[in-house]
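From first to last, the protein sequence lines stand for chains X and R. Under this note's numbering, the first residue of the first sequence carries the number 24, and numbering increases by one thereafter. Under this note's numbering, the first residue of the second sequence carries the number 24, and numbering increases by one thereafter.
Please note that the accuracy of each hint is not assured.
Claimed, not checked - Which chain R residues face chain X? A few, computed with CB under 7 Å, are given here:
| no. | residue |
| --- | --- |
| 1 | 55 |
| 2 | 65 |
| 3 | 69 |
| 4 | 74 |
| 5 | 123 |
| 6 | 146 |
| 7 | 150 |
| 8 | 152 |
As the list claims (entries may be wrong) - A short list of chain X residues far from chain R (calculated; beta carbon distances all over 12 Å):
| no. | residue |
| --- | --- |
| 9 | 126 |
| 10 | 138 |
| 11 | 195 |
| 12 | 332 |
The hints are simulated quantities; they were obtained by calculation from the structure and are not laboratory data. Quick caveat, the model's predicted, so the values are computed rather than measured. Glycine included, each C-beta is placed from N, C-alpha and C at the ideal position.
Number of protein chains: 2
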Amino acid sequence: MPLSEFDIIDRYFAPLGDWQPKTTVLGPGDDCAVLSPRADHQICISSDTLIEGIHFPMAASGRLAAERSLAAAVSDLAAMGSEPMAATGALTLKELSEPWLQDFSSALAECIQEWQIPLIGGNISRGKELSITWTVLGSVPTGRYVTRSGAQVGDDVYVSGWPGRAGLALEQLIKGEMVDPELLRYYERPAPRLEIGQKIRPLVSAMIDVSDGLLSDLQHVLHASNCGADVDVSALGFDATLGRQSRNPLHHLTLALSAGDDYELCFSAPVSRRAELESLAQASALPLTRIGQIVSTPGVVFSNLPNGIKPADLEGLTGYRHFE
Amino acid sequence: MPLSEFDIIDRYFAPLGDWQPKTTVLGPGDDCAVLSPRADHQICISSDTLIEGIHFPMAASGRLAAERSLAAAVSDLAAMGSEPMAATGALTLKELSEPWLQDFSSALAECIQEWQIPLIGGNISRGKELSITWTVLGSVPTGRYVTRSGAQVGDDVYVSGWPGRAGLALEQLIKGEMVDPELLRYYERPAPRLEIGQKIRPLVSAMIDVSDGLLSDLQHVLHASNCGADVDVSALGFDATLGRQSRNPLHHLTLALSAGDDYELCFSAPVSRRAELESLAQASALPLTRIGQIVSTPGVVFSNLPNGIKPADLEGLTGYRHFE
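The shape of chain X in the complex, shown without the other chains (with noise of 0.2 Å):
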């Protein structure tokens, strides 16, 4: 006898939503579950849909599945500052195979626990390609939140972690090279940037994760703030794995200002913070990384370019996907 969609969801699902914080009144199950905002806490809320074959590979493992599209979606309560609370996903199976599911749900349970955000609810439903979406809330203290229209001329701008790792994975994954181990993970399971992301908010005046590209995510703050930057190409050297992997200068700068699917954060601060980010990007063992300055001219220029790399060489990375 065939599972049916409720059988799924007690096989694989319903054990998920077993974990519960307190903001948790009624878990999966019912219409509706439901929530209970901390006091003088506001709710922070974003849909991601990641889609077999743009998002991840065809033939994705569920574990992969699982692991890159939450962490999509998580990340961006970690570009508001704010503190998990719980996330509901809509599945959409192609077909049914029971080890993929048991690999989803078991990495699943793996990310729920790490990030802390537990699962209140979902659906799954058949349909001709595999999709997930994740909706996720958070929770920041009333008014705390950080946008993207806060950045003010003179701001440093800033990004964490390592800008192109992923897809440089990406790269070597689909020309069938060997991947080393270390840079494959930034690729699989990316790590959404929730601990710092609320450290430094009260210190950043707006803030993006990187899913598009450091440029074009870079740039939706630049528009948001009514401001440009001019970016230290310099400074995107940084990464020595980056450098001694990628093919040339000119391959290692596209892929930390372009690559997606890293989940770092960019953020902008003003120059005071310098000594407070910097202390707190050695307490978390994260780089962050100074990669320019706010300007009042709109777009972006670049400053410090290493020999032999013109302007003309970045144009064009600004990461947008356009329907065909």
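Starting from the known structure of chain X, fit chain R onto it as the hints suggest.
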């Protein structure tokens, strides 16, 4: 030049986010929307995915897709007795048709106003089939939400409105028959029972919305409440329109008991609440039909079957959809 995801959002969806009530602190356009829940209120959340060819017909108009999909999601808020607060939508498009998007967007604008549910965010992606995932949030006074699990032995069982009409309209549509316009609107634009859901909230013991069929959804309540129901079949013949347009009494009953897509409310309430419920029904010009009673023995038994209809005729009306 093809439209980008951002162009589509700017043209067809950003204007829908213009109306925001006071609970919205930050609307669409940033990494997250931000909501400020009302004091002493909790938040109800539900996600629903609707796929072309399953939940609405292939080649559905933008209007039909918008109205049916959002109604289905919002109906879960009604079933908790909650008031709509916000919605996020994830739209996967098979192709880019501007007339379809315009139609979808206009219909959505009407639903947003009619149901007073602001659009606070979402995303657009491209895939092999049209699908829409809504996540809806509602607000309910602390502790006053209605679950499926509160039905008590001796309680009455009710259903709102006109179960079966949407199903009959769909049957006639599929057969290419003329559909009575009065019947058609129950299918094309089901009315989530938001107002009555909030009004009856203090009177009812358990509630669910009818999406899979009355009998199927009633069974979810019985299962969650660990009880059974005696369904008075004669009470389900009250709808003269359905009586006139269905083929025979068994067809009429089958539609009322098992047709999906009605988005009526099925609920239980203590016998002591009969008079209040009757007044509310009259004041709202919406039938709240008493269709049976909660009993201790699990499962459903049928009473008062019309002449010529046997209990066996009504078996198999549980409405479960299986993965094939």
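Report task. Let me know if the C-beta of residue 55 (chain R) comes in closer than 7 Å to any C-beta of chain X, holds or violated. Result -> holds (4 Å)
Query raised in the report: How about residue 69 (chain R): closest beta carbon in chain X under 7 Å, or not?
Result: holds (4 Å)
Query raised in the report: Hey, does residue 126 (chain X) actually stay past 12 Å from chain R on C-beta?
Result: The claim stands: residue 126 (chain X) keeps its Cβ more than 12 Å from every Cβ of chain R (closest is about 18 Å).
Query raised in the report: Can we keep the residue 150 (chain R) interface hint, with Cβ of chain X closer than 7 Å?
Result: holds (5 Å)
Query raised in the report: Can residue 152 (chain R) be said to touch chain X, with a Cβ gap under 7 Å?
Result: holds (5 Å)
Report task. Examine each Cβ of chain R, and state whether all of them lie more than 12 Å from the Cβ of residue 195 (chain X). Result -> Answer for residue 195 (chain X): holds, closest chain R Cβ roughly 26 Å.
**Report entry** Evaluation of the interface hint that places residue 74 (chain R) against chain X, nearest CB under 7 Å
**Finding:** Hint holds; residue 74 (chain R) Cβ to chain X Cβ min 5 Å, cut 7 Å.
Query raised in the report: Was the hint right that residue 146 (chain R) lines chain X, CB cutoff 7 Å?
Result: Constraint on residue 146 (chain R) satisfied, holds at 6 Å.
Query - chain X contact restraint for residue 123 (chain R) - C-beta distance below 7 Å - result: violated (13 Å)
Query raised in the report: In terms of Cβ atoms, is chain R entirely out of 12 Å range of residue 332 (chain X)?
Result: holds (27 Å)
Query - Hint status (Cβ of residue 65 (chain R) to nearest Cβ of chain X, threshold 7 Å) - result: Holds: closest Cβ of chain X sits about 5 Å from residue 65 (chain R), inside 7 Å.
Query - Interface exclusion of residue 138 (chain X) relative to chain R, criterion Cβ beyond 12 Å - result: Nearest chain R Cβ is 15 Å from residue 138 (chain X), so the label holds.
Checked against the numbered hints given earlier, this structure breaks only hint 5.
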